[in-house]
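K.L.:
Read off the chains here:
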Amino acid sequence: MFTKPIHIKLFFLAVLIAALLLPLFISDAYMFQVVIMSILFAIATCAMNLIIGFTGQASLAHGAFFGIGAYGVAILTKAGVSFWLALPAAAVMAVLIGLPVGLISLRTRGHYFAIVTLCFGVIMWIVAGNWIELTGGENGIFGIAPPGDILVPLIGRIDFSSQAAQYYLALAFLLLTLWALYRIVYSVFGLTFMAVRNNEALADAVGINTFTTKLISFEAANFIAALAGGLYAIVIGAVSPSAAGYGLTFNFLIYLILGGIATLSGSVIGAFAIPILMESLQFLQDYQLLIFGALLVVVIIYFPMGFVGGLRRLNQIIADRRRRKKSEAVHVSG
Amino acid sequence: MELFLQQVFNGIMFGSTYAIVALGLTLVMGILNIPNFAHGHLYMLGGYVTYFFFATLGLGFWLSLLASMIILGMVGVVMERVVFRPLTGQPPINDFIAAIGSLVFLEAFALAVWGPQGLRITNPYPETFQFLGITMTVQRVLVIVAAAALIVGLHFFMKKTVLGATIEAVAQNREGAMLTGINVNRVSAITFAISTATAALAASFLSPIFMLSPSMGAILGMKAFIIVILGGLGSIPGAILGGYILGLIEALGGGYVSAAYKNVFAFGALILILSIKPTGLFGKKEA
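Protein chains in written order, with the numbering used here: chain A, 1 to 334; chain B, 1 to 287.
Keep in mind that the hints were calculated from the coordinates and are not lab data.
Check the hints yourself; a few may be wrong.
Computed cross-link-like contacts, SDA-like style, restricted to lysine to any residue with a CA-CA straight-line distance of at most 20 Å [claimed, not checked]:
hint: 1; chain 1: B; residue 1: K262; chain 2: B; residue 2: I273
hint: 2; chain 1: B; residue 1: K262; chain 2: A; residue 2: G129
hint: 3; chain 1: A; residue 1: K78; chain 2: A; residue 2: G137
hint: 4; chain 1: B; residue 1: K277; chain 2: A; residue 2: R107
hint: 5; chain 1: A; residue 1: K78; chain 2: A; residue 2: I150
hint: 6; chain 1: A; residue 1: K4; chain 2: A; residue 2: V188
hint: 7; chain 1: A; residue 1: K4; chain 2: A; residue 2: W179
hint: 8; chain 1: A; residue 1: K9; chain 2: A; residue 2: L314
hint: 9; chain 1: B; residue 1: K277; chain 2: A; residue 2: R109
hint: 10; chain 1: A; residue 1: K9; chain 2: A; residue 2: G309
hint: 11; chain 1: B; residue 1: K262; chain 2: A; residue 2: G137
hint: 12; chain 1: A; residue 1: K4; chain 2: A; residue 2: L16
hint: 13; chain 1: B; residue 1: K262; chain 2: B; residue 2: Q7
hint: 14; chain 1: B; residue 1: K262; chain 2: A; residue 2: E138
hint: 15; chain 1: B; residue 1: K277; chain 2: A; residue 2: L99
hint: 16; chain 1: B; residue 1: K262; chain 2: A; residue 2: W131
hint: 17; chain 1: A; residue 1: K78; chain 2: A; residue 2: D149
hint: 18; chain 1: B; residue 1: K277; chain 2: A; residue 2: F211
hint: 19; chain 1: B; residue 1: K277; chain 2: A; residue 2: P100
hint: 20; chain 1: B; residue 1: K262; chain 2: A; residue 2: N130
hint: 21; chain 1: B; residue 1: K277; chain 2: A; residue 2: L103
hint: 22; chain 1: B; residue 1: K277; chain 2: A; residue 2: T210
hint: 23; chain 1: B; residue 1: K159; chain 2: B; residue 2: I236
hint: 24; chain 1: B; residue 1: K262; chain 2: A; residue 2: I126
hint: 25; chain 1: B; residue 1: K262; chain 2: B; residue 2: M211
hint: 26; chain 1: B; residue 1: K277; chain 2: A; residue 2: L215
hint: 27; chain 1: B; residue 1: K262; chain 2: B; residue 2: V8
hint: 28; chain 1: B; residue 1: K277; chain 2: B; residue 2: L241
hint: 29; chain 1: B; residue 1: K262; chain 2: A; residue 2: I132
hint: 30; chain 1: B; residue 1: K262; chain 2: A; residue 2: E133
hint: 31; chain 1: B; residue 1: K262; chain 2: B; residue 2: I249
hint: 32; chain 1: B; residue 1: K262; chain 2: A; residue 2: V127
hint: 33; chain 1: A; residue 1: K4; chain 2: A; residue 2: I317
hint: 34; chain 1: B; residue 1: K277; chain 2: A; residue 2: G110
So here's chain A without its partners, still in its complex pose (with noise of 0.2 Å):
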């Protein structure tokens, strides 16, 4: 049932090798360092569909949990906590500073589920740029030294302080998300987030908790916002509060909805193509937004399932159209 054809597989395993390639072919460090950032959004936008896309919950709080993130790793790696230990602590932080706000704002619905996580995504941003002594305040953090170097069996020493380094980590992070994002999605697990999205009084009746589902589903965004958070403040070196910003959130909802919606490629696509379209369209920088704001109307009223949600339809009509030859072949031989 869940099996894609072999095409589809082979699309996969050749932008995989084109991925892993990548490096070789890229010199000009400013547009790496693009690509970079958006492997790190394209986490950050995976773990957005999992919340929005599959269970049907729109949190608006995404960008203060990739802040967490990224303030975690920023503060502990200051504080002179090694990387290693202060990427998955600030995750797990994110994680807890999660369960409130999710026990809180999950016992509101739709609109006003979006609003309630909007508003403690904008409490966020307010702290990160106010408490001066733990944050940096509106000036940030500087300076924050890339991972140490690890000792892998085979491989021998690896050292991140180079780009092509920092790309492969980030790189083997979005292939975990993905990982993770398709083993949860395509599991009876993942079956009953989509339960709750599509009818949460039914899926209530059948039996499932739909509260501890859109909890749990809430968390692990969370969990991988922040991860991507993290990644983010030892790629730039630096962060602040635009960081934690619902600017950052809008930006996420926007690779999202173009990309399309509760498809894993999707998030990635819009991820990829956004900011480096972005890049390529240098001469229209004063109007980026003003397309892109456009682009998500009209994509959400006449395409509401993006560009992979365009693709899967057209892929529908030329089968639908091939199946209806086929069977009027046999009609008229018959």
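Given the coordinates of chain A, assemble chain B onto it according to the supplied hints.
P.N.:
Coordinates of chain B only, in the frame set by chain A:
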């Protein structure tokens, strides 16, 4: 005591703005069931349009205000027609996402046209006077008076005119209103126009007092949402009362506790109240 009174005065002034903006939002949300998240950004646009007529074209303050209200009313009609009407019957989250798209668009539009730096229009009524030991400027008193006048005017419009009754009929029962021959689409457009025009009015009155900036709509829009949810969806008295209460909480909290965390009070209050009563203070029970 003087500090207290001064804060109360400021609170009422802020509250007046909140009340007007929340009033517009509650009309759209309660009657059309559209969570117009871009409402704060329409307020922002209203302020800039006033700036354009007043500072760029050199029209008088009242004329600029009127022009801004008319233009924003038209923007509201266009927005209802282009953005929200095609989404009727879709999952409610799509309305929300479309509203976020609109607000991103509006903010980028203001940024592209007027730039990121704050703008201010020269105060047409800068005179100050003393009353009960506190300093007031005429402009600030004007904000309070205008808000009160608008609220009273809107009340009579809703209760005493046929059009007002029509809007209320649609709010109560959309299908029923259609059956009696009310053009629901026309009512939607009018409601949107009233909502955006009142937002423009609030922005025009405040533009001589506070800087205009493209990002000013975001926080105000969220606060308006908070007020509407706390006051009960579609409840006009709730929006007005909620607006004044929020203004007072902020002014007193900002004056006595911490000015930097002024905005946290509003958002914190919402989270607290919704955690106790998930459908809002005066919200109806979920079906």
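K.L.:
Determine for every hint whether it applies to the structure shown.
P.N.:
Results of checking the hints against the structure:
no.	hint	verdict
1	K262(B) with I273(B)	18 Å, holds
2	K262(B) with G129(A)	13 Å, holds
3	K78(A) with G137(A)	16 Å, holds
4	K277(B) with R107(A)	9 Å, holds
5	K78(A) with I150(A)	19 Å, holds
6	K4(A) with V188(A)	18 Å, holds
7	K4(A) with W179(A)	15 Å, holds
8	K9(A) with L314(A)	19 Å, holds
9	K277(B) with R109(A)	12 Å, holds
10	K9(A) with G309(A)	18 Å, holds
11	K262(B) with G137(A)	16 Å, holds
12	K4(A) with L16(A)	16 Å, holds
13	K262(B) with Q7(B)	13 Å, holds
14	K262(B) with E138(A)	16 Å, holds
15	K277(B) with L99(A)	19 Å, holds
16	K262(B) with W131(A)	14 Å, holds
17	K78(A) with D149(A)	17 Å, holds
18	K277(B) with F211(A)	16 Å, holds
19	K277(B) with P100(A)	16 Å, holds
20	K262(B) with N130(A)	11 Å, holds
21	K277(B) with L103(A)	13 Å, holds
22	K277(B) with T210(A)	19 Å, holds
23	K159(B) with I236(B)	12 Å, holds
24	K262(B) with I126(A)	10 Å, holds
25	K262(B) with M211(B)	18 Å, holds
26	K277(B) with L215(A)	19 Å, holds
27	K262(B) with V8(B)	15 Å, holds
28	K277(B) with L241(B)	18 Å, holds
29	K262(B) with I132(A)	16 Å, holds
30	K262(B) with E133(A)	19 Å, holds
31	K262(B) with I249(B)	9 Å, holds
32	K262(B) with V127(A)	11 Å, holds
33	K4(A) with I317(A)	18 Å, holds
34	K277(B) with G110(A)	15 Å, holds
When each numbered hint is compared with the structure, no violation occurs for any of them.
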